[in-house]
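Residue numbers (this note's numbering), protein chains in the order written: chain A, 408 to 852; chain B, 408 to 852.
Don't read these hints as lab results, they were simulated from the structure. Warning: the hint list may mix true and false statements.
Taking lysine to any residue and the SDA-like style, the derived pairs with C-alpha atoms no more than 20 angstroms apart in a straight line are [stated by the list, open to error]:
#1 B:Lys551 to B:Ser783
#2 A:Lys638 to B:Asp681
#3 A:Lys761 to A:Leu418
#4 A:Lys753 to A:Asn584
#5 A:Lys549 to A:Asp829
#6 B:Lys501 to B:Gln814
#7 A:Lys707 to B:Leu617
#8 A:Lys638 to B:Asp618
#9 A:Lys685 to B:Tyr678
#10 A:Lys685 to B:Leu637
#11 A:Lys615 to B:Asp618
#12 A:Lys707 to B:Asp618
#13 A:Lys758 to A:Phe725
Derived coverage of chain B by chain A (criterion: at least 3 residues anywhere in the stretch with Cβ under 8 angstroms from a Cβ of chain A; other residues may be distant) [said to hold, decoys possible]:
#14 589–597
#15 607–613
#16 689–702
Cβ coordinates follow ideal geometry from the N, Cα and C atoms, glycine included.
Number of protein chains: 2
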Amino acid sequence: MKNILLLGAGLSSSSIIRYLLEHSLELNLELLVVDQSEELILSKTMSHPRSQALTINALDAEARKPHLLKADLVISMLPARFHTEIAKDCILYKKNLITPSYISPEIMALHDEAINAGILIMNEIGVDPGIDHMSAMAIIDKVKAQGGKMHSFKSFCGGLVAPEFDNNPWHYKFTWNPRNVVLAGQGGASCFIEENQYKYIPYRRLFKRLDHVTIDGFGEFEAYANRDSLKYRSIYGLEGIPTIYRGTFRRPGYSEAWSQMIDLGLTDDNYVMDQSEKLTPRQFLNAFLPYHPTRSVEDKLKDFLGEDKSNMFEKFQFLDFFADAAPMGIQNASPAQLLQEILVRKLSLSKGDKDMLVMYHEFVYHLNGEQHRITSHMVNLGEDQTYTSMSNTVGLPVAICAKMILQGKIALKGVQMPIMKDVYEPILAELDTLGISFIEKEEKI
Amino acid sequence: MKNILLLGAGLSSSSIIRYLLEHSLELNLELLVVDQSEELILSKTMSHPRSQALTINALDAEARKPHLLKADLVISMLPARFHTEIAKDCILYKKNLITPSYISPEIMALHDEAINAGILIMNEIGVDPGIDHMSAMAIIDKVKAQGGKMHSFKSFCGGLVAPEFDNNPWHYKFTWNPRNVVLAGQGGASCFIEENQYKYIPYRRLFKRLDHVTIDGFGEFEAYANRDSLKYRSIYGLEGIPTIYRGTFRRPGYSEAWSQMIDLGLTDDNYVMDQSEKLTPRQFLNAFLPYHPTRSVEDKLKDFLGEDKSNMFEKFQFLDFFADAAPMGIQNASPAQLLQEILVRKLSLSKGDKDMLVMYHEFVYHLNGEQHRITSHMVNLGEDQTYTSMSNTVGLPVAICAKMILQGKIALKGVQMPIMKDVYEPILAELDTLGISFIEKEEKI
């Protein structure tokens with residue numbers, strides 16, 4: 408019997424637990440799930456005989472040690488900042504490790520130690536990062552094998568609400584950590600390269616410079632640029648490519664209104680507002696509008712928005728900025744924290760709502776003196792509020808990778824991500840059988 | 408004979424040195440000037456018999472110790488971050504200290520130790536901070552003494568080029584550290600209070616929400632909000648005042664064009680541009696404009712600027728953004744560093760140019776059921792490129808304060824700023840004789 412130790416039972420762990428327990432007999436495995444909440448674990452394992460609930464603190468090195476020692480494989484679904492200490496333990500006890508998170512510099516620094524310990528630390532194997540790597544590399548490797556030369560690669564991904572449940576003027580609901588959505592794009596400028604020219608978009612223009620994509624059967628999307636598109640040149644073996652761009656999808660109109668939130672200052676997270684606990688949503692908004700002895704907050708916002716082509720005012724109104732309401736009661740809050748509170752009240756998934764994950768790649772390459780274009784897209788809908796699309800698209804690649812490691816099908820060691828054919832090909836093939844499928848089109852241009 | 412130890416011979420030290428040497432016989436003082444450059448010291452002391460040039464490193468505690476021990480008073484004109492270690496030495500050796508800089512939390516923490524050592528650490532006694540404190544407190548104390556209740560206090564200050572030498576479309580030249588000008592307003596939002604409403608202006612809107620002031624004989628000014636106006640409520644004893652606002656003056660049109668620099672992303676200082684050393688000004692600008700296969704950088708900037716009410720394009724053109732030029736050659740540069748290089752080439756004071764310091768206060772208060780308004784302004788022109796207005800307005804209050812301390816006219820101990828009548832009254836009176844004069848107007852409204 409093999410043991411898998413899964414750290415964390417939240418969000419995407421649902422899909423990992425279901426997949427691995429469904430395959431538990433075939434793989435002869437037992438799944439140990441660690442979470443502080445036994446209720447959360449049992450709600451997902453359903454007390455399956457091949458599962459065990461461990462309510463230890465995963466961050467307590469002594470408490471987790473006996474379970475780590477027993478495990479054949481560790482999956483860390485903890486917040487990314489905790490992966491490093493888990494990875495160090497895995498090296499110490501010589502256990503393979505999977506995380507869906509970006510490889511941090513601290514994790515990268517463990518590469519040689521992991522190799523010496525004979526273990527694999529597989530990362531970036533959920534979605535964005537994960538399925539994007541695998542589906543892009545499948546096409547990049549194919550084009551290379553044909554002798555093609557890649558000229559342009561653009562890639563987009565977005566977690567949205569499924570069309571059937573898209574019933575608010577933002578055409579958006581939170582399907583993941585709201586804080587990340589509120590802070591999206593902050594920090595340095597977004598950087599990409601277009602026709603060999605480096606391009607930088609500062610945060611304050613990020614939601615104003617949009618790309619537009621239409622996907623058959625799912626309508627139109629707009630995209631803002633991700634922070635760093637450049638690093639994917641070396642990751643994907645595309646050094647010297649003239650154009651590379653990665654973006655995040657929203658539905659049309661979202662970004663123009665979000666840009667107004669940014670312009671107003673509502674998304675700032677680098678200072679605390681005076682007496683923030685006393686602010687109602689209306690007062691919060693008014694703090695960013697000029698003083699006027701008689702004009703209402705509504706009128707001042709209309710002045711601010713100017714020509715309102717995308718019904719931006721309606722979007723603010725939907726968020727209950729203007730209603731008489733109680734103070735939000737959050738002490739020492741930044742504008743971003745207060746905005747998040749306002750958004751979560753109105754843009755959360757309702758009971759019965761389903762989410763949607765959309766991915767779209769566009770490649771342009773030269774082959775035999777001709778220019779070719781491949782597009783590849785995947786749209787995946789959630790099953791319900793536990794097995795959301797976000798949970799499935801993050802969790803299933805992790806779970807399939809876990810299966811392959813137990814089966815001895817992955818020989819890799821060290822700190823890795825799923826960009827090798829031996830890894831991505833079987834995972835993409837199995838995802839396809841699970842409804843996470845890419846549709847590819849190719850044309851000469 | 409008394410000894411004054413002056414640390415640093417740059418910028419405003421010129422006016423301190425001249426003033427103290429002019430008064431050296433009367434005060435029976437010797438001035439020891441510390442700077443790494445003997446040439447710089449001698450260019451300012453003119454080898455005056457009551458001066459000594461010390462080319463030690465002021466940051467070397469052992470090297471400065473014998474001179475500190477000999478001194479009756481220390482003036483630190485070093486960059487503000489070095490004041491703390493100097494202040495600690497002054498406490499250790501029981502020497503009074505003057506700095507023109509803002510009181511940092513580290514300096515504030517030394518208050519009790521300074522009192523126990525029986526010394527005064529006088530800070531914020533240059534200009535903004537300094538003369539602004541003194542001239543505001545003179546009016547605030549007067550109104551209070553009459554029994555008036557302050558309703559509104561707005562205060563503005565700006566270092567500009569004198570009208571006679573105002574010959575570029577920005578109507579601006581650097582009279583102080585260009586880096587501070589490029590980074591002005593970055594960090595948290597600017598915060599003030601208007602009719603009891605807290606107002607926050609994020610950086611990206613700072614140069615769009617302007618105040619306008621006309622000063623007789625000097626024309627129009629526009630002002631953007633300083634970072635933190637709120638702290639002046641407690642400093643000036645104005646707790647509970649409904650309106651308090653501090654701003655920085657520019658000439659009309661500057662801010663709208665500067666706001667475009669911000670929107671483009673040219674002022675960002677939180678990341679480094681790839682291969683920055685290879686960028687010409689034109690390429691630097693183009694990196695922030697969308698890619699287009701045929702449109703020129705000029706046309707793309709015009710698209711970006713939109714309706715150009717303030718001749719913004721002309722302002723960009725004046726900075727030589729479009730000319731064929733050599734790469735700027737600055738490695739690992741942020742956008743802000745590259746922009747500074749471009750600005751310094753075109754917006755520095757030319758030989759023979761004079762600068763101008765402008766300060767303007769507006770007070771509204773209630774007295775005996777009536778509403779009163781006092782305005783007070785000061786416009787000071789530089790003498791030449793050594794005794795600039797910036798040097799005189801920063802250096803002279805420091806020097807006068809030094810004189811008063813030597814004469815035993817200031818009994819204060821601990822960490823202080825010049826907000827007490829005993830301090831500000833004689834200093835303002837002497838500044839008036841030196842051409843740094845306020846003109847006050849009062850009216851019922």
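Original post:
Are B:Lys551 and B:Ser783 close enough, with their CA atoms no more than 20 angstroms apart?
Top reply: Distance ~17 angstroms between B:Lys551 and B:Ser783 Cα, so the pair holds.
**OP:** Mind checking the alpha carbons of A:Lys753 and A:Asn584 for me, to see if they're no more than 20 angstroms apart?
**Re:** holds (15 angstroms)
**OP:** Measure nothing beyond the straight line between the CA atoms of A:Lys761 and A:Leu418; if it is 20 angstroms or shorter, mark the hint as holding.
**Re:** holds (14 angstroms)
Subject >> Holds or violated: A:Lys707 to B:Leu617, with C-alpha atoms at most 20 angstroms apart >> reply: Roughly 16 angstroms between the alpha carbons, so the hint for A:Lys707 and B:Leu617 holds.
**OP:** Would you check the hint for A:Lys685 and B:Leu637, treating anything up to 20 angstroms between C-alpha atoms as holding?
**Re:** Since the Cα atoms of A:Lys685 and B:Leu637 sit roughly 18 angstroms apart, the hinted pair holds (cutoff 20 angstroms).
Subject >> Check of the region 589–597 of chain B against chain A for coverage (Cβ-Cβ below 8 angstroms, three residues minimum) >> reply: Result for this restraint: holds, n = 3.
Subject >> Within 8 angstroms of chain A (C-beta), three or more residues of the region 689–702 of chain B >> reply: holds (count 6)
**OP:** Could you grab the alpha-carbon distance between A:Lys638 and B:Asp618 and see if it respects the 20 angstroms cut-off?
**Re:** With Cα atoms ~44 angstroms apart, A:Lys638 and B:Asp618 exceed 20 angstroms; violated.
Subject >> Restraint status (C-alpha distance of A:Lys615 to B:Asp618 at most 20 angstroms) >> reply: violated (28 angstroms)
Subject >> A:Lys549 paired with A:Asp829 [C-alpha distance capped at 20 angstroms] >> reply: holds (14 angstroms)
Original post:
With a Cβ-Cβ cutoff of 8 angstroms, does the region 607–613 of chain B contain at least three residues near chain A?
Top reply: Contact hint for the region 607–613 of chain B vs chain A: holds, 5 residues under 8 angstroms.
**OP:** Would you mind confirming whether the straight-line C-alpha gap from B:Lys501 to B:Gln814 stays at or under 20 angstroms?
**Re:** Within the cut-off at roughly 17 angstroms; holds.
Comparing the model with each numbered hint stated earlier shows that hints 8, 9 and 11 do not hold.
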